[in-house]
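Visitor: Residue numbers for the sequence shown follow my numbering, beginning at 244 and rising by one.
Incorrect hints may have been included.
[To be verified] No farther apart than 30 Å at their CA atoms in a straight line, the calculated lysine-lysine pairs in the BS3-like style are these:
1. Lys318 x Lys289
2. Lys260 x Lys289
3. Lys251 x Lys289
4. Lys312 x Lys289
5. Lys312 x Lys327
6. Lys248 x Lys318
7. Lys312 x Lys251
8. Lys248 x Lys312
9. Lys260 x Lys318
10. Lys260 x Lys312
11. Lys252 x Lys318
12. Lys248 x Lys327
13. Lys248 x Lys289
14. Lys289 x Lys252
15. Lys289 x Lys327
16. Lys248 x Lys260
[Unchecked claim] Label-pair distances were calculated between CB atoms; the ranges are:
17. Lys260 x Gly320: 26 to 34 Å
18. Ala293 x Ser331: 35 to 43 Å
19. Ala317 x Lys248: 23 to 31 Å
20. Met244 x Ile321: 15 to 23 Å
21. Asn273 x Thr322: 16 to 24 Å
FYI, nobody ran anything at the bench for these hints, they're computed from the structure. Even glycine gets a Cβ: it sits at the ideal position worked out from N, Cα and C.
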Amino acid sequence: MITIKTSKKINLNQLDKELGRFGLCLNEENPQDVIVGIADGSPVTKEQLAEALENHIAIDTQAELATAKAALLAKLGITQEEAKLLLS
């Protein structure tokens, strides 16, 4: 099994979805050294997992989702009103 250690907060279901639902496992006994593993037989590579972990923002609640969306819009230099216009 291919594994990567990280200290990031991980939402396993969300991360697995981001990688195409091929199967991940998580050992978070030590929050400073979380181990994320790729299920045997998965086409996901260690490099893909590393990139996904680097970009992963764990979202557990609607408040966290709103905060993450606002941060992304700010990073892109787009206001919420502009985003709504773009999506309409």
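Visitor: Confirm or reject each hint.
Guide: Here's how the hints hold up against the structure:
1. Simply put, Lys318 and Lys289 have alpha-carbon atoms about 27 Å apart, close enough for the 30 Å limit, and the pair holds.
2. Restraint check for Lys260 and Lys289: satisfied, since their Cα atoms lie roughly 16 Å apart, inside the 30 Å limit.
3. For the proposed pair Lys251 and Lys289, the alpha carbon gap of about 17 Å is at most 30 Å, so the pair holds.
4. Pair hint Lys312 plus Lys289 holds up; C-alpha atoms about 27 Å apart against a cutoff of 30 Å.
5. With a CA separation close to 12 Å, the supplied pair Lys312 and Lys327 stays within the 30 Å bound.
6. The suggested pairing of Lys248 with Lys318 holds, with an alpha-carbon distance near 27 Å, which does not exceed 30 Å.
7. With a C-alpha separation of about 19 Å, the suggested pairing of Lys312 with Lys251 holds against the 30 Å cut-off.
8. A threshold of 30 Å between alpha carbons decides the hint, and for Lys248 with Lys312 the separation of about 26 Å falls inside it, so the pair holds.
9. Between Lys260 and Lys318 the CA atoms are separated by roughly 23 Å; this keeps the pair inside 30 Å, and the hint holds.
10. The hinted pair formed by Lys260 and Lys312 meets the criterion: a straight-line CA distance of about 18 Å does not exceed 30 Å.
11. The hinted pair formed by Lys252 and Lys318 meets the criterion: a straight-line CA distance of about 21 Å does not exceed 30 Å.
12. Restraint check for Lys248 and Lys327: not satisfied, since their Cα atoms lie roughly 38 Å apart, outside the 30 Å limit.
13. For the given pair, Lys248 sits about 11 Å from Lys289 by alpha-carbon distance, which is consistent with the 30 Å threshold.
14. At roughly 19 Å between alpha-carbon atoms, Lys289 and Lys252 fall within 30 Å of each other, so this suggested pair holds.
15. Restraint check: the Cα-Cα separation between Lys289 and Lys327 comes to about 36 Å, which exceeds 30 Å; the hinted pair is violated.
16. A hinted pair counts as satisfied when its Cα atoms are at most 30 Å apart, and Lys248 with Lys260 qualifies at roughly 19 Å.
17. Separation of Lys260 from Gly320 is about 27 Å and conforms to the stated range, judged on CB atoms against 26 to 34 Å.
18. Distance hint for Ala293 and Ser331: a CB-CB separation of about 37 Å, consistent with the stated range 35 to 43 Å.
19. Checked against the hint of 23 to 31 Å, the C-beta distance between Ala317 and Lys248 comes to roughly 30 Å, which is consistent with it.
20. As the Cβ distance of Met244 to Ile321 is approximately 40 Å, the hint placing it in 15 to 23 Å is violated.
21. In this structure, Asn273 and Thr322 break the distance hint of 16 to 24 Å, their C-beta atoms being roughly 40 Å apart.
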